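Chain by chain, the residues run as shown.
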Amino acid sequence: AQSVTQPDIHITVSEGASLELRCNYSYGATPYLFWYVQSPGQGLQLLLKYFSGDTLVQGIKGFEAEFKRSQSSFNLRKPSVHWSDAAEYFCAVGGTDSWGKFQFGAGTQVVVTP
Amino acid sequence: NAGVTQTPKFQVLKTGQSMTLQCAQDMNHNSMYWYRQDPGMGLRLIYYSASEGTTDKGEVPNGYNVSRLNKREFSLRLESAAPSQTSVYFCASRIGQRTDTQYFGPGTRLTVL
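Sequences listed follow chains E and R, in order. Start counting at 1 in the first sequence, then tack on 244, and there's your number in the working numbering. Start counting at 1 in the second sequence, then tack on 64, and there's your number in the working numbering.
It should be emphasised that the hints constitute simulated quantities derived from the structure, not laboratory data. From a predicted model like this one, the values you see are computed outputs, not experimental measurements. Don't take each hint at face value.
Here are the simulated distance ranges between beta carbons [said to hold, decoys possible]:
1. T175/R to T249/E: 22 to 32 Å
2. E310/E to G80/R: 30 to 40 Å
3. T79/R to P358/E: 43 to 53 Å
4. G117/R to T256/E: 26 to 36 Å
Some chain E residues well away from chain R (every beta-carbon gap over 10 Å; in silico) [what the hints assert, rightly or not]:
5. V248
6. E264
7. Q286
8. L288
9. Q302
10. F346
11. T357
We put the CB at the ideal spot given by N, CA and C, even for glycine.
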């Protein structure tokens, strides 16, 4: 069975500092991995996704993520955080069936301080 | 192009009441999904519809029913609401291929008293 773990429930970071959000997954085959962001009161927006190929994936809003098969991880990074990055971030792993039964992590709440 | 729309945005029910959450997408997607979001638990799949005319249970289907009315619309029904169904409900859709993205609606915040 697939599963996703986001070890950090809450992270506080200063504006301008770097950010890294951790995601570990359990999956039997090559996973399809996603990072979504949810601003308060909003739906989920896709930041980036990994299916195959280059293990460093670039996304929107200056985010990137690196797939490390040996560590079963797909960590999200941003070199310099902006106040608008305050949100909840979800990692998800996609099913190998064609119907897209995604498994979501519990989320990491990011707070940005001045 | 509105993407995925959900109605209503907010709803308060009393225990035992019924209601239907509506979802529509205008992206010609084949697959549609209903999730619930609870604090500390991420999103959990309730039901999904791989294509028009088919529906299947997800991780937490008890207490819910769904209808794929046509290719655009996928509704979620609570026949007899319970306080445990207080949650934020998200509808999502995607083209239907294995690797593509799910697009989410803005959510419905439901409170059951």
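Taking the hints in turn, this is what the structure says about them:
The hinted range of 22 to 32 Å is satisfied by T175/R and T249/E, whose Cβ atoms lie roughly 29 Å apart. As the Cβ distance of E310/E to G80/R is approximately 50 Å, the hint placing it in 30 to 40 Å is violated. Taken as a hint, the range 43 to 53 Å holds for the pair T79/R and P358/E, whose Cβ atoms sit roughly 44 Å apart. Judged by the Cβ atoms, the range 26 to 36 Å given for G117/R and T256/E is violated: they are separated by roughly 48 Å.
Distance to chain R contradicts V248/E as a non-interface residue, since its nearest Cβ pair spans about 8 Å, not more than 10 Å. Non-interface call for E264/E relative to chain R: holds, since the shortest CB-CB distance, roughly 19 Å, exceeds 10 Å. Listed as a non-interface residue, Q286/E fails to keep its Cβ farther than 10 Å from every Cβ of chain R; the least gap is roughly 6 Å. Annotated as non-interface, L288/E brings its C-beta within 10 Å of a C-beta of chain R; the closest such distance is 4 Å.
No beta-carbon of chain R comes within 10 Å of the beta-carbon of Q302/E; the shortest separation is about 15 Å. Not every CB of chain R is more than 10 Å from the CB of F346/E (nearest about 7 Å), against its label as outside the interface. Against the 10 Å criterion, T357/E stays outside the reach of chain R, whose nearest CB is about 22 Å from its own CB.
Of the numbered hints given earlier, the model fails hints 2, 4, 5, 7, 8, 10; all others are met.
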